[in-house]
Amino acid sequence: MRWIRRSSRREALRDLLLWALLCLSAVLAPVTPPWWEPSGGWAAWAAVAGAVVLGGAVLVSRRSPLAGMLIVLAVGSWSVGEGLATVQIWRLDGLVTLGPLNGFTPAIVVLSWLTGRRAARSRPAALAFTAILGTGTALTLVTSCGPRPDPVTSHFWFPLLSGILLSALLPWGVGRLRWQRVEQRAREQRLIAGQAQLHERNRIAQDMHDSLGHDLALIALRAAALEMAPDLAERHRRAAGELREAAADTTERLRRVIGVLREGERAPLTPPQESVAEIVERARESGVRVELTGEESLRDRTACRVVQEALTNATKHAPGSPVTVQVLRTSAEITVTVTNRAAPTPPGRPRGGGLGLVGLHERVRLAGGTFTSGWTGGRFRVVASFPPDGLPRETEDLPLKDGAT
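Just so you know, the sequence shown maps onto residues 2 to 406 in the working numbering.
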């Protein structure tokens with residue numbers, strides 16, 4: 002909050018300084034219409050009015066740069082008598098002023114540059130310049146036709162168009178180039194930061210693979226040694242063999258997943274994906290009593306994630322309790338229901354931190370579905386309804402009830 006206040010204070014001081022500098026020329030050379038000849042005190046009032054107009058233009062240029070530029074451009078177009086040069090143009094009477102100069106010319110140049118520098122889009126300013134120059138050119142052609150051109154062509158339209166080109170369009174183009182260079186540098190910095198993040202992720206992925214792979218290899222080695230023990234019962238030997246195979250399979254899956262994060266590794270177009278039946282079967286092999294009904298062969302990513310997290314939740318907080326998994330599918334919706342009879346929680350011990358269910362709720366929400374969890378009749382129930390992969394829909398989020406994770 003303090004930083005925002007300091008930033009706003011600095012911007013206000015800069016605008017005040019800019020207004021003071023631009024007022025010098027506006028006060029010394031007040032801009033008045035060509036048909037009005039102020040005298041005496043009226044000249045002072047014209048200078049004050051110019052300072053007020055400049056203050057309003059500088060004030061609105063912070064939020065709407067194009068509006069501030071158009072304000073000073075409109076007022077500065079009143080006086081086109083003096084300019085950078087005078088030339089004689091064919092068929093026009095008298096000398097034609099090019100690049101008119103008056104008290105508002107510095108403001109036109111500066112605010113045009115700021116418009117190109119600050120505005121995120123160039124289309125509105127380009128359309129404004131096109132409309133002004135197009136209208137002025139058409140009127141110039143109309144007034145210069147005929148046997149004798151209208152004097153307003155050489156005394157107003159030519160000076161006005163040349164002033165817009167030199168004092169407004171050219172500075173705006175320079176400011177626009179400056180904005181593009183700043184944006185290009187910002188994109189390069191973001192690209193460099195993104196590459197640094199990718200390198201760091203690659204290093205973390207390598208560390209994870211080495212650390213977890215080593216631990217899983219030790220588990221497989223110990224399971225193999227246990228499997229070869231001569232005094233081990235046959236059923237325990239089979240369990241040790243299954244543990245060794247599970248550790249080897251997990252190591253291979255870890256290698257594939259970490260390989261996607263590694264730089265230089267080609268990501269698979271079709272990532273490995275289990276079915277609901279395979280997840281349930283693996284839980285059964287681990288000793289969990291699971292009953293599966295419905296679409297057993299479903300391979301929807303969100304459905305598999307819900308079943309996997311719910312089974313982990315049940316085995317963590319209600320070991321040995323039977324679990325029921327029901328998967329129903331229609332053409333527009335998949336509904337996954339996982340129910341288990343939870344073990345009583347000891348007094349003073351909270352039922353988990355809720356992070357697993359919070360993450361699951363967010364995943365289902367992003368898939369366009371609804372998620373509920375909680376206790377019902379002494380049983381813990383997780384219900385997730387969502388469209389199949391690739392068919393998102395808009396739904397209202399339901400509140401996540403407290404439950405175990």
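It should be emphasised that the hints constitute simulated quantities derived from the structure, not laboratory data.
All C-beta atoms in this analysis are idealised placements derived from N, C-alpha and C, irrespective of residue type, glycine included.
It is possible that part of the hints are untrue.
Listed next, with one range per pair, are the computed distances between beta-carbon atoms [claimed, not checked]: (1) T131 - I205: 30 to 38 Å; (2) V359 - S298: 23 to 31 Å; (3) G135 - E334: 52 to 60 Å; (4) T131 - A197: 54 to 62 Å; (5) A121 - R202: 53 to 61 Å; (6) G57 - E334: 52 to 60 Å; (7) A50 - V143: 52 to 60 Å; (8) W376 - A226: 40 to 48 Å; (9) W376 - Q181: 54 to 62 Å; (10) P323 - S212: 20 to 28 Å; (11) S123 - A21: 41 to 49 Å.
Going back to the hint list, which numbers does this structure go against? Numbers 1, 4, 5, 7, 10, 11 - these are the hints that the structure violates, sorted from lowest upward.
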